Amino acid sequence: MEGTMQTETTIRAESGIESGPRGPSCSLRHFACEQNLLSRPDGSASFLQGDTSVLAGVYGPAEVKVSKEIFNKATLEVTLRPKIGLPGVAEKSRERLIRNTCEAVVLGALHPRTSITVVLQVVSDAGSLLACCLNAACMALVDAGVPMRALFCGVTCALDSDGTLLLDPTAKQEKEARAVLTFALDSVERKLLMSTTKGLYSDAELQQCLAAAQAASQHVFRFYRESLQRRYSKS
Amino acid sequence: MAAAAAVVAESLAGYRARAARAVLEQVVLPGEELLLPEQEDGEGPGGTGERPLRLNAGARSRGRVVCGPGLRRCGDRLLVTKCGRLRHKEPGSGSGGGVYWVDSQQKRYVPVKGDHVIGIVTAKSGDIFKVDVGGSEPASLSYLAFEGATKRNRPNVQVGDLIYGQFVVANKDMEPEMVCIDSCGRACGMGVIGQDGLLFKVTLGLIRRLLAPDCEILQEVGKLYPLEIVFGMNGRIWVKAKTIQQTLILANILEACEHMTADQRKQIFSRLAES
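As they're listed, the protein sequences go chains A and B. Per our numbering, residue 1 is the first one in the first sequence, and the count goes up by one each step. Per our numbering, residue 1 is the first one in the second sequence, and the count goes up by one each step.
Since the hints were derived computationally from the structure, they do not count as laboratory data. Check each hint, because a few of them may be wrong.
Claimed, not checked - Okay, derived cross-link-like pairs now, DSS-like style, lysine-lysine, Cα gap no bigger than 27 Å in a straight line:
no., chain 1, residue 1, chain 2, residue 2
1, B, 130, A, 68
2, A, 73, B, 223
3, A, 68, B, 266
4, A, 65, B, 172
5, A, 73, B, 113
6, B, 172, B, 201
7, B, 223, A, 234
8, A, 68, B, 124
9, A, 65, B, 130
10, A, 234, B, 266
As the list claims (entries may be wrong) - One-sided excerpt, in silico: chain A residues whose CB lies under 8 Å from chain B:
no., residue
11, 42
12, 46
13, 63
14, 111
15, 112
16, 145
17, 171
18, 188
19, 192
Said to hold, decoys possible - These stretches of chain B come out as covered by chain A in the derived footprint (C-beta under 8 Å, 3 or more residues):
no., segment
20, 102-111
21, 117-128
22, 242-248
These numbers come from a predicted model, not from an experiment. Ideal placement from N, C-alpha and C gives every residue a C-beta, glycine not left out.
Chain B with its partners taken away, still in its complex shape (with noise of 0.2 Å):
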């Protein structure tokens, strides 16, 4: 008996917070606390000694912690709630501070304000157009949210058009809603996309490692055939290249991407270049 308390005891120091400066770039799993990098000097484990009383406590010498998805602050705990890779963004200037994400590979999406996504026309209602975008209910369209629409002039969206454009409203309490122009009204690549084409689903950690700024995927991809290519948060991806078979070739290297490694990658990259 005395031993099984003994072994509990110790598996709960094992589990005791780390610094999530050590963890960076690591797999943390739900129910993890985090440490801030100033929490680490001032109460680290075990010591959680009395601090001095400080006036400017409020006032952040060390610049700003934000928390990001997969993450949550109980009291001034940062608590991990999904498994994924710990990622960390040094903020603009100074140091410290910064954003905190844990990315995670799942393929529901959530929906998130300013986010460009896909999504597919379900049903017209008077003034609104109902958008699936892949969340847990549909999104709202307005008409009048399209480059140089008016009450007049209507935009021509049917049922079962595909849909690029923005999340203006999106959080858990309301029903999201979506615009195809920007804040100055012009359309910047949104709107209803044309046709033919093909759209497939991959998992979200795909769709956010092909847009990051210095993704080699994509530049490759470019290199094999012209194409034309939207890329939306929600994990949808519609591709049209020149002929049927190109535009194939070209959604089952995207879907094949999420297993392979780099150099698998070039192989299979560079034998198609001489087909």
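This is chain A alone, in the form it adopts within the complex (with noise of 0.2 Å):
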């Protein structure tokens, strides 16, 4: 297990792409995030992992149309706009993903009879593409001032043809990778909210990719941490 996260970092050296951000037991691409900055919405939060980049912003508790209205909790609504073009079906059911995590995290039942938004903009696709979108959803709600359960976070584990497990994939490897899986993980217990996969992959794989995204999620939470203690430093 170490050993193949160790091999992967060396992989990543030679191609040139940027190391993971901590040390070398880490694989993760480089992260940056920003937050508040959207004047309009309630809450917004751009985050990049490596080349990829998504703008998320929050609107609420905000008024519901009386048709979506929940009588005992906030009605949550997720919109995930693409680079180009119309949202099709792969964004409806990334969407979909995207909205269950939230709704295990976010305690609706403070605000019943409300709307909470997340519109997720895509900038940039260069693979781990839901990973990123769940960390900027994450971020921007923390902004926004959605009371919540825990923090959330998307880690996306690809396998190689010959069984290399490989944390936050870029494009080119997502498309060569055997299978790619996506897991949602909270911040309290790092327990599973959502796993979404593609691919064949056996049974030990599984559990293996889901113990490697359990010990990268450590590494978003604390990046989480300290850019949120850096936003907090101002006032």
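Mind docking these for me? Both chains are given alone in their own frames, and the hints should help you get the complex.
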């Protein structure tokens, strides 16, 4: 396990892609996050993972259409806009995955009969898009001050044809991979909130990917904490 | 595999509940668990040993702890739901207890009973006005809730007017209700805000900072020009000075205070005082 991750880092270093931000044991691409960059939404964030970049805006708790009103909790809506063209089936499916993840952590019961809208705009897609969308959505929700049970993050794993595990793959690596697995994990118990997979993999490989994602989530959460502390250090 | 498991276990240990006193004025994140002073010594981290059953466990010897915005109770655990700085206020009498809350920088207002806010009248329907306060639904305001208003003597309120009022009903399950009188029936500065002036929005954190009893910004602003100013807890500020130019300068300063340090602010104020 440790061995595979080590080799993975060296491969990246050779191909000139930026290595993980925190030491050789973490093979995630470089993160960057900026919060509160839009003036109109109640909360906003842009999240970068390597060359993948997503901009998120959150509106809420706001007024809700009568047809979508839920009497005992907030209505959560997620809209994902692709970089070019109109949203298609792929976007709709991702929207649903992100919405289900958000619903698991947002304390909607505190704001019944309101709507919380998350709008995600893909700025550039260079692999691990869904994970980046999840991270951007989480940071925007935190920025908007929506009450949450826990934070969440998305981690993508790719399995090579020879069974090598890659964390946070680029678009090229995703295309060449035998299987691509994306997990959403919460910050309190590091439990799985959502998982979506594509391709062929064995039971053991799934467990291996999940363990790797859990280890990687620790880095993401540490990054969350650092970037939020920086934001609040100003006041 | 084993290595990864160990890392996860270690990280979980790092995420264990921290004592509320130790993280005061620090940034807390949603999902964190806080320990209150009385829990610290009894069942500190790891020490969930059996405690002797006490008959008067309900009788609080240490004073009552109140959970403010951004915190919630789950059983006897105190959990954080919003990101921000943890604040604490000692109770008036005795030690221990007091109010804990999370000071976050959000923009969206959620009505709270007793808050003074600035609203915009959006509709008149029979004997109530609908007032937009920036929350999830418009607040209602009775035409009788003004100073000196009777069934004969209706207040002169038009759609589009600004109202400074107070919430008497505000909870998650009901429509919020505003009034423009206090419990004795006096206006106390509330009511329709006059013509002219400028209304603008800032974050809720800035409003709370400006309304703090020892706020320097407001004293400095007051020295600059003579002005009329109204702060709504919903993030709205109405300001009026002698000329439009002065009004705009004041609005820009207050908006900029959000991201300025005390030194930067003093520089700007001294430069403005010279010109």
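Results for each hint:
| no. | hint | in the structure |
| --- | --- | --- |
| 1 | B:130 - A:68 | holds (22 Å) |
| 2 | A:73 - B:223 | violated (48 Å) |
| 3 | A:68 - B:266 | violated (49 Å) |
| 4 | A:65 - B:172 | holds (17 Å) |
| 5 | A:73 - B:113 | holds (21 Å) |
| 6 | B:172 - B:201 | holds (23 Å) |
| 7 | B:223 - A:234 | holds (26 Å) |
| 8 | A:68 - B:124 | holds (26 Å) |
| 9 | A:65 - B:130 | holds (18 Å) |
| 10 | A:234 - B:266 | holds (16 Å) |
| 11 | 42 | holds (4 Å) |
| 12 | 46 | violated (17 Å) |
| 13 | 63 | holds (6 Å) |
| 14 | 111 | holds (6 Å) |
| 15 | 112 | holds (6 Å) |
| 16 | 145 | holds (3 Å) |
| 17 | 171 | violated (26 Å) |
| 18 | 188 | holds (4 Å) |
| 19 | 192 | violated (12 Å) |
| 20 | 102-111 | holds (count 6) |
| 21 | 117-128 | violated (count 0) |
| 22 | 242-248 | violated (count 0) |
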